Amino acid sequence: MSDYPPPARTDTVRLTVSQAVVRFLAQQHTERDGQRQRLFAGCFGIFGHGNVAGLGQALLQAEIDEPGALPYVLGRNEQAVVHTAVAYARAKDRLQTWAVSTSVGPGSTNTLTGAALATINRLPVLLLPADTFATRSAGPLLQELERPDSGDVTVNDAFRPVSRYFDRIWRPEQLPGALLGAMRVLTDPAETGAVTLCFPQDVQAEAFDWPVELFAERTWHVGRPLPEPAALQRAVEVIRSARRPLVVAGGGVIYSQATEALDAFVSATGIPVGQTQAGKGALPYDHPQSVGAIGSTGTTAANALAREADVVIGIGTRYQDFTTASHTAFNDPDVRFVNVNIGSMDAVKHAGVGVQADARETLAALTDALAGWSVDDAYRERTAELAAQWEATVEAAYHPGTPSAGEGGRLTQNEVIGMVNEISAPRDVVVCAAGSMPGDLHKMWRVRDRKGYHVEYGYSTMGYEIPGGIGIRMASPDRDVFVMIGDGSYLMMPTELVTAVQEGVKIVVVLVQNHGFASIGALSEQLGSQRFGTRYRYRSQSGRLDGDVLPVDLAANAASLGVDVLVAQDGSSFEAALRKAKASDRTTVVHVETDPLIDAPSSESWWDVPVSEVSTLSSTQEARAVYDRWKAVQRPAYLAPSERDTPQS
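According to this note's numbering, the stretch in the sequence shown is residues 1 to 649, in order.
Just so you know, the hints here were simulated from the structure itself, not pulled from any lab data.
Incorrect hints may appear among the rest.
Stated by the list, open to error - Straight-line alpha carbon distances no greater than 25 Å define the calculated DSS-like cross-link-like pairs of lysine-lysine that follow: (1) Lys-580 x Lys-451; (2) Lys-349 x Lys-631; (3) Lys-451 x Lys-582.
These figures come from a predicted structure and were not determined experimentally.
Required output: the full structure, derived from the provided sequences and hints.
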């Protein structure tokens with residue numbers, strides 16, 4: 001045998017770095033449960049001098065030479081197109097997403113909010129921001145950050161804390177490893193989020209001889225990790241000891257496609273189910289074990305059971321503060337937690353018995369292991385009674401009487417939600433993200449399909465709604481998408497309506513005009529700040545923003561962007577407008593004014609927002625007294641005595 005190594009492979013293809021990126025992305029696929037699909041549906045972007053000659057040229061070349069390989073969609077706002085990509089990924093259960101190309105400088109940093117939203121919500125998106133020259137041959141460049149203490153820091157380093165994976169491609173040789181690392185994170189359900197690969201402008205256009213193997217089709221298999229037997233047995237023992245158990249269903253139930261397994265588990269055991277914002281849809285609203293939303297924006301039914309629960313079974317939830325009502329929801333002094341989660345960090349929260357595994361597989365295993373065990377009949381009856389009481393509350397909010405309960409006969413937001421709920425089809429999707437509506441929807445929306453509810457409440461980003469609605473409709477063209485949005489959030493990012501028109505993507509936008517920030521206005525009042533700075537008003541002679549209402553015509557604004565607009569004045573015209581919009585094949589904005597001073601039914605729960613300890617305002621003093629009463633029952637950590645001394649694997 002020869003002592004010399006075999007000759008190096010010479011099968012290469014000469015492409016620019018950008019052309020190599022596009023060709024590679026077009027060949028990536030995911031597979032789960034035997035279903036295989038492309039990982040990237042396409043690439044969103046806005047071109048500037050940082051990417052037009054690099055990734056822009058590569059996308060053009062691909063569109064001409066390989067139509068459909070990686071379709072390009074022009075957006076109007078860099079943050080917005082990240083939201084569209086993230087919403088698409090959520091609608092596809094994280095098995096597909098989009099890439100996003102931006103120019104250098106502001107084009108890049110505009111996507112930071114979108115990156116944070118993706119990572120917080122554990123949703124995959126690939127960001128390809130342009131960067132300054134690797135060679136530094138022309139610096140300082142237009143839009144380049146100069147620092148006296150560092151020569152290799154750029155504005156794109158701001159992506160590091162909000163990305164699940166970050167890399168900068170200084171040389172072509174670094175590209176294969178960076179791309180494979182990015183795909184690993186994008187397809188890992190426990191580790192996913194925003195993936196940021198920064199591309200210096202000069203490197204984007206640089207040519208290199210790439211091994212042809214880099215562009216072979218690749219399938220990334222998304223597995224279903226099974227529960228470790230000992231961990232499962234510990235969970236079973238805790239559940240069997242419970243007299244008042246409660247399931248908290250999070251987004252992991254949806255992404256794992258575990259809704260049928262959850263149905264089987266709770267139908268057999270009788271355990272009631274409260275749902276987080278991301279988990280709403282885990283059970284239909286009228287399921288015998290469903291008690292609706294839980295936490296600060298929850299139902300009185302779920303929160304009553306949470307206060308009494310001796311065992312909380314969290315499935316696919318990260319226990320956000322709205323879910324735990326800022327650590328006041330679970331009041332039993334000896335409450336214990338069983339946490340089923342694909343992520344190790346979430347599986348051990350609240351010193352719980354952790355089962356780090358796939359939600360669907362674990363639920364099936366728990367159902368088998370608990371065969372013959374059930375809560376008692378009295379607990380089932382209490383669950384049904386509490387759920388029925390809440391449904392009566394929702395019915396009264398949806399239909400308060402004629403004329404409307406709002407001032408001057410205006411509709412209330414509760415009525416608007418109710419009419420959209422009743423006119424939409426069971427498989428249609430409601431979309432929201434910020435303001436008072438996410439909480440109202442969480443409490444009152446009667447979800448009928450596991451994908452029928454899409455509220456982004458991990459980051460609660462104003463402006464997410466319209467671009468998010470576009471992404472959902474692109475992912476599910478057979479579902480109508482109802483975007484619920486207040487005037488404050490609409491004014492943040494209405495421009496993607498142009499993209500909807502451009503792409504022929506139909507959504508129905510329900511634009512609720514209440515002349516200000518209704519949610520923060522109500523919160524401000526609760527905190528003793530008297531709705532200060534939350535109304536859209538002229539500045540008066542007093543120097544304060546307490547003059548007449550601003551003459552903002554949002555219906556005219558929407559019409560100027562190329563969509564159809566219907567203006568509703570009352571309940572009957574609003575219903576007619578909704579039906580017309582649903583029947584249309586074009587994006588339609590339905591504009592309606594509501595009374596912002598009528599709230600949704602109370603959740604009888606709390607959210608920890610600090611109130612000034614000292615104030616000359618009586619309203620603030622009164623709010624602080626309420627705050628102190630809630631703080632007295634808040635638990636900094638949930639650590640049941642029976643778990644403190646038990647080692648956890």
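Tell me the hint numbers this structure goes against, listed in increasing order. none
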